Amino acid sequence: MNPRTRLWLVATGGAGLAALLVAACLRLPRFGGDRHPYGDRAVHASLERHTANTVASVNFDQRAFDTLGEMTILFAAVLGCVVLLRQTRDEHRAHPEPADVARPVRRYALLVLPVALLTGLYVVAHGQLSPGGGFQGGVVAATALHVLYLGADYRALERVRPVGAYEVGDALATSAYLVTGVAGLIGGTAFLANTLLPYGTFNTLSSGGTVPLLNAAVGMEVACAVVVLLAGFLDQAVEIVDEGEDDDRAGDGHHHEERGK
Amino acid sequence: MNRRRTLLAVVEVAAWWAALGALWLVFVTVVDPLELAVGAGVAGVAALAARGARRAVAGW
Amino acid sequence: MTAVPHVLPYLVAVWVFLAGAYGLATSRNLIHAVGCLSVCQAATYVLLLAVGYRDGATAPVFSDVEPGTRPVVDPVVQALALTDVVVGATVTALLLALVVQVAKRHGTVDPDELTELRG
Amino acid sequence: MNGWILAATAVLGAGVGATVWGVATGPLRRRVVAQNLSTALACPALLLLAQGYDRPAYVDLALVLALLGPVGTLVFARLLAGELAGDPPRARALTRSAAGLGAGVVLALCVAVGPSRALLKLLVVGVLLVGGNLLASRALSGGMAGARRG
Amino acid sequence: MGEAVIVVALLLVAVSATAAVAVRDPVRQSLVLAVLGVVLAVLFTVLQAPDVALSQLAVGSALTPLLLLLTVRKVKRRGRRRRENEP
Chain A
1 MNPRTRLWLV ATGGAGLAAL LVAACLRLPR FGGDRHPYGD RAVHASLERH TANTVASVNF
61 DQRAFDTLGE MTILFAAVLG CVVLLRQTRD EHRAHPEPAD VARPVRRYAL LVLPVALLTG
121 LYVVAHGQLS PGGGFQGGVV AATALHVLYL GADYRALERV RPVGAYEVGD ALATSAYLVT
181 GVAGLIGGTA FLANTLLPYG TFNTLSSGGT VPLLNAAVGM EVACAVVVLL AGFLDQAVEI
241 VDEGEDDDRA GDGHHHEERG K
Chain B
1 MNRRRTLLAV VEVAAWWAAL GALWLVFVTV VDPLELAVGA GVAGVAALAA RGARRAVAGW
Chain C
1 MTAVPHVLPY LVAVWVFLAG AYGLATSRNL IHAVGCLSVC QAATYVLLLA VGYRDGATAP
61 VFSDVEPGTR PVVDPVVQAL ALTDVVVGAT VTALLLALVV QVAKRHGTVD PDELTELRG
Chain D
1 MNGWILAATA VLGAGVGATV WGVATGPLRR RVVAQNLSTA LACPALLLLA QGYDRPAYVD
61 LALVLALLGP VGTLVFARLL AGELAGDPPR ARALTRSAAG LGAGVVLALC VAVGPSRALL
121 KLLVVGVLLV GGNLLASRAL SGGMAGARRG
Chain E
1 MGEAVIVVAL LLVAVSATAA VAVRDPVRQS LVLAVLGVVL AVLFTVLQAP DVALSQLAVG
61 SALTPLLLLL TVRKVKRRGR RRRENEP
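Taken in sequence, the protein lines are chains A, B, C, D and E. Going by our numbering, the first residue of the first sequence is number 1, and it counts up by one from there. Going by our numbering, the first residue of the second sequence is number 1, and it counts up by one from there. Going by our numbering, the first residue of the third sequence is number 1, and it counts up by one from there. Going by our numbering, the first residue of the fourth sequence is number 1, and it counts up by one from there. Going by our numbering, the first residue of the fifth sequence is number 1, and it counts up by one from there.
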């Protein structure tokens, strides 16, 4: 198909889709309307179980099974990345040269790493109280580690990041979620039902029954998943060189820039 | 010299731990024993990470 | 309030989605296409949250407000969008890993050149 | 609608709007500066919104942005060091005025909040925001020159 | 007009999303995507969804740009080799 025909096809299809979508928008309940039956019920259920953050309650209590699905997608995506980005037989590892980063940047990186890690873990731990939770805090904590690559060099990052340990952590966290679910099945009523633990005092760390546990499991899974994911990409971009590919050192003199093709 | 080095390491981690623990207390809204315990643990993890990062950058 | 703000968020979601789809269809670089796909994903978040909004309401998070004192927006759509954001990012990563593989196997990331290679 | 939200609207419309335009056009050196400024301006806007909606919990958003925004700019500074070395960005005045805006907003909020734990949190956010953005700007204009490879 | 801030945030999202599609070079696009992430986070905040905004901030500000730029770096190295092989 030549580009011209394709553009026509895209234009026709896009126009049709746009017309349908706009027609649908005009029939939607108006923005800011007052009728949210599911939302009201979710808030009610969340308050009944002493979970201050209703969104966490929906994710880890009322729709915990759905979150299990999301976790599985995450796990599978990371697995796919690891397989796709693994080192093949015709590739070898070239050790990256130590980078010479300006001193204030390096100091900033060393300062921000623990602070960002603490913030990430704070966001995970208070997921059932204030805005945040395992998904957000996990990403923040994992990003914190990679400040070391930005502010120093890849070798420094590799020293604090044994990838194998994070792969194990990823798997363990996923199983922890499943085990909590099965525990609900054995000790209580149903898979992932929040009937096992006392609901605690409203707006404290231990409130919400199993919500904090599932939250922590997701936080650990996301953090480990992101670390493993970035490890694959960093290895490919920085270390792994295949035969014939010009080495970093040879190619460094001329950094081509592809101006908007 | 080994004991001196251990002492320095302990001091470094303890200093980070205290600073990060104080930061945790700034972040949280309600202070209760469980909150303090979790904060102490998390600050410990972050302090170890801080020391690990500094050593990784400086070379072992 | 006039009628326009009542559909504006939905129309913005439609616009963002269509813009992303146009970029996907006309992209000459697979990395750019993955970026366009994440624009399409953003449209879904905007649509979901727009459906859940309530005039003058606040977030359904009761760590700093007393329950029942202020109207709150719909938490269900927020929970959907929330997991979507992180999972969407990992899916983006998976697609980028595929792009790296394509570049390794065929030496190009231009979809048109890839079609020629196959045919 | 109160004064805080009005101020946030102004910061968003004028400041962040300008950075969107700056990041979409022009040479690479202007785009990276615009990206850095977008986080430097969005963070005060988030703080203003938190105050305007009377939700101290929203300050967490500004905290995360103040931490990760400069880290994002460092990503660009690090991985585009080769492209930026020949044509380093210079935007001292803009960066300083954005930092000044951030500091001003934090101070105004501190006065509004009064002495409490929330005040300390605001100060932490302010220090991270201003320090991070000044440093990210420094990294863009040559701080990563020795890190073109690796 | 209590909704002015929502309208402003919506327009910012629409403009930056359009820019993210219109900018064809992946490096420049990743810069626009980083700004789009921040603007989306602001929109989610004014739509009273701080959880989603936090998610978007965590992902959009550093993680997505890092992934995109690392891919660009890997692919560019390969492309350079290919151009040198077939002049």
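Hints may be right or wrong, so weigh each one.
Straight-line distance between alpha carbons at most 16 Å, and here's what the computed EDC-like set of lysine to aspartate or glutamate pairs gives [to be verified]:
hint, chain 1, residue 1, chain 2, residue 2
1, C, 104, A, 91
2, C, 104, A, 158
3, C, 104, A, 90
Hint data in this document are derived by calculation from the structure and do not stem from the laboratory. All values derive from a computational prediction rather than experimental measurement.
Now for the hints, and whether the structure bears them out:
As the CA atoms of residue 104 (chain C) and residue 91 (chain A) are separated by approximately 11 Å, the hinted pair is consistent with the 16 Å bound. In summary, the hint linking residue 104 (chain C) to residue 158 (chain A) is not supported, as the alpha carbons are separated by about 25 Å, beyond the 16 Å threshold. Under the criterion of a C-alpha separation no larger than 16 Å, the hint pairing residue 104 (chain C) with residue 90 (chain A) is consistent with the structure, at around 11 Å.
In this structure, the one hint that does not hold is number 2.
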